[in-house]
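A.B. asks: Sequence:
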Amino acid sequence: MAAAEPIKVGDSLPADIVLWTSGNSADKDACALPAKTSTGELFAGKRAVLVGIPIPFSPTCSMQQLPGFAARLADLAAAGAATVAIVNDYDVFVQDAWGKAVGHPDIKMLSDPDGSNLLARIGMLQDLSKGPLPLGSTVSKRFVLVLDNLKVVYLGVDVKGLSLSSVEAVLDFLAANPTPANL
Numbered sequence: 001m002a003a004a005e006p007i008k009v010g011d012s013l014p015a016d017i018v019l020w021t022s023g024n025s026a027d028k029d030a031c032a033l034p035a036k037t038s039t040g041e042l043f044a045g046k047r048a049v050l051v052g053i054p055i056p057f058s059p060t061c062s063m064q065q066l067p068g069f070a071a072r073l074a075d076l077a078a079a080g081a082a083t084v085a086i087v088n089d090y091d092v093f094v095q096d097a098w099g100k101a102v103g104h105p106d107i108k109m110l111s112d113p114d115g116s117n118l119l120a121r122i123g124m125l126q127d128l129s130k131g132p133l134p135l136g137s138t139v140s141k142r143f144v145l146v147l148d149n150l151k152v153v154y155l156g157v158d159v160k161g162l163s164l165s166s167v168e169a170v171l172d173f174l175a176a177n178p179t180p181a182n183l
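Counted from 1, the sequence shown has number 158 at position 158 by this note's numbering; the numbering is strictly sequential.
Among these hints, one or two may not hold up.
Unchecked claim - Derived BS3-like pairs (lysine-lysine); straight-line CA-CA distance at most 25 angstroms: (1) Lys-151 - Lys-130; (2) Lys-141 - Lys-151; (3) Lys-160 - Lys-36; (4) Lys-46 - Lys-160; (5) Lys-160 - Lys-8; (6) Lys-141 - Lys-100; (7) Lys-141 - Lys-130; (8) Lys-160 - Lys-130; (9) Lys-36 - Lys-46; (10) Lys-130 - Lys-46; (11) Lys-8 - Lys-100; (12) Lys-100 - Lys-130; (13) Lys-36 - Lys-130; (14) Lys-8 - Lys-151.
FYI, nobody ran anything at the bench for these hints, they're computed from the structure.
Full structure from sequences and hints, please.
C.D. replies: And the structure:
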């Protein structure tokens with residue numbers, strides 16, 4: 001799969017990108033049935049936060065990034081984020097289980113199963129097959145997008161650690177950039 005140019009502030013996500021969701025069923029003992037959704041259904045006409053997380057159940061993802069967004073979900077909503085979604089290239093069942101384990105039922109857990117529908121198109125896949133811990137061929141980069149009606153108004157990508165893609169970075173951006181009146 002050829003790497004796309006990374007998305008940047010001012011670009012828009014196409015509305016027709018297909019992703020999978022489980023609905024994050026309240027039943028902790030079973031995954032909900034997978035359902036298709038699209039970027040348009042999820043993000044059109046509103047301010048939204050899309051968080052790319054490399055590896056579910058890994059230390060930074062499970063102990064800091066997702067729990068940070070879950071703990072501050074009310075603050076994100078008060079600052080204008082109508083939708084908060086987490087995406088990676090694992091299957092919808094892993095996403096559902098991970099969301100139940102460390103997330104929040106109001107965070108949308110999204111799957112781009114091989115990374116080709118969304119992550120590759122926006123240049124947010126990375127190859128970890130040759131790293132110190134071979135973790136498969138590609139995984140999502142650690143990133144966050146703030147979207148206004150699908151248009152990227154904030155992009156934070158962390159190569160190491162958690163700073164630009166943290167909930168604190170998003171809240172700082174939202175505080176300095178109120179939601180436009182047309183959303």
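A.B. asks: Look at each hint and say if it fits the structure.
C.D. replies: We went through each hint and held it up to the structure:
1. Lys-151 - Lys-130: 34 angstroms, violated
2. Lys-141 - Lys-151: 19 angstroms, holds
3. Lys-160 - Lys-36: Roughly 32 angstroms separates the two Cα atoms, so the pair is violated.
4. Lys-46 - Lys-160: 30 angstroms, violated
5. Lys-160 - Lys-8: At roughly 19 angstroms apart (the allowed maximum being 25 angstroms), Lys-8 and Lys-160 satisfy the hint.
6. Lys-141 - Lys-100: Measuring from Cα to Cα gives roughly 22 angstroms; hence the hint holds.
7. Lys-141 - Lys-130: 15 angstroms, holds
8. Lys-160 - Lys-130: 16 angstroms, holds
9. Lys-36 - Lys-46: 20 angstroms, holds
10. Lys-130 - Lys-46: Distance ~39 angstroms between Lys-130 and Lys-46 Cα, so the pair is violated.
11. Lys-8 - Lys-100: 31 angstroms, violated
12. Lys-100 - Lys-130: Given pair Lys-100, Lys-130 is violated - Cα atoms ~31 angstroms apart, limit 25 angstroms.
13. Lys-36 - Lys-130: Judged against 25 angstroms, a Cα distance of about 32 angstroms means the pair is violated.
14. Lys-8 - Lys-151: The hint holds at about 10 angstroms.
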